[in-house]
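K.L.:
All chains, full assembly: derive it from the sequences and hints.
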Amino acid sequence: MNQLISTVATTINPVGNDGDDLQGKVIGILNAVIAVLGIVAVIVIIMGGVGYMTSSGDAGKVKKAKDTILYGVIGLIIVALSFAIVNFVISNIIAGAN
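Going by my numbering, the first residue of the sequence shown is number -18, and it counts up by one from there.
Honestly, the hints are just simulated from the structure, not real lab data. In this text the structure is predicted, and so the values were computed from the model without any measurement. All residues carry an ideal CB built from backbone N, CA and C; glycine is no exception. Do not rely on the hints blindly, as some may be mistaken.
What the hints assert, rightly or not - Computed beta-carbon distance windows for the label pairs:
{"id": "1", "residue 1": "G30", "residue 2": "N73", "range": "31 to 41 Å"}
{"id": "2", "residue 1": "L51", "residue 2": "L3", "range": "32 to 42 Å"}
{"id": "3", "residue 1": "I66", "residue 2": "V43", "range": "33 to 43 Å"}
{"id": "4", "residue 1": "I74", "residue 2": "V31", "range": "36 to 46 Å"}
{"id": "5", "residue 1": "L18", "residue 2": "D48", "range": "11 to 21 Å"}
{"id": "6", "residue 1": "G77", "residue 2": "S37", "range": "56 to 66 Å"}
{"id": "7", "residue 1": "N73", "residue 2": "M34", "range": "41 to 51 Å"}
P.N.:
Written out as C-alpha cells, the structure is:
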C-alpha cells in the first residue's frame, strides 16, 4: 500500500516540480491523498454498478444502486475540482511568499 501511495504521489507531481522544495512536497502529499480519494470514488461507482447488475429488477435495490453510482460520480467530480483548487492555491501561496 505504501508503495502504491508513493508511486501515485510521484506520478501526479506537477510538471516542473522536482519535489525537493516545500511547494513540491506539499503538493505531492496532497495530490497523493486526492488520488486515493479518487480511487475510492471509482470503487464506489463500481460497487453501484455491481449492485445494479445483481438487483434482479427489485425496485428498491435498483434505486439504491443508482444512488450509489450518483454519489460516486459526485465524489469523483469533487475530487477533480479539489485537485485543481489545491494546486492553484498552494502554487499561489508559495509563489507569493517568494
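K.L.:
Which hint numbers doesn't this structure obey?
P.N.:
As far as the earlier hints go, not one is violated by this structure.
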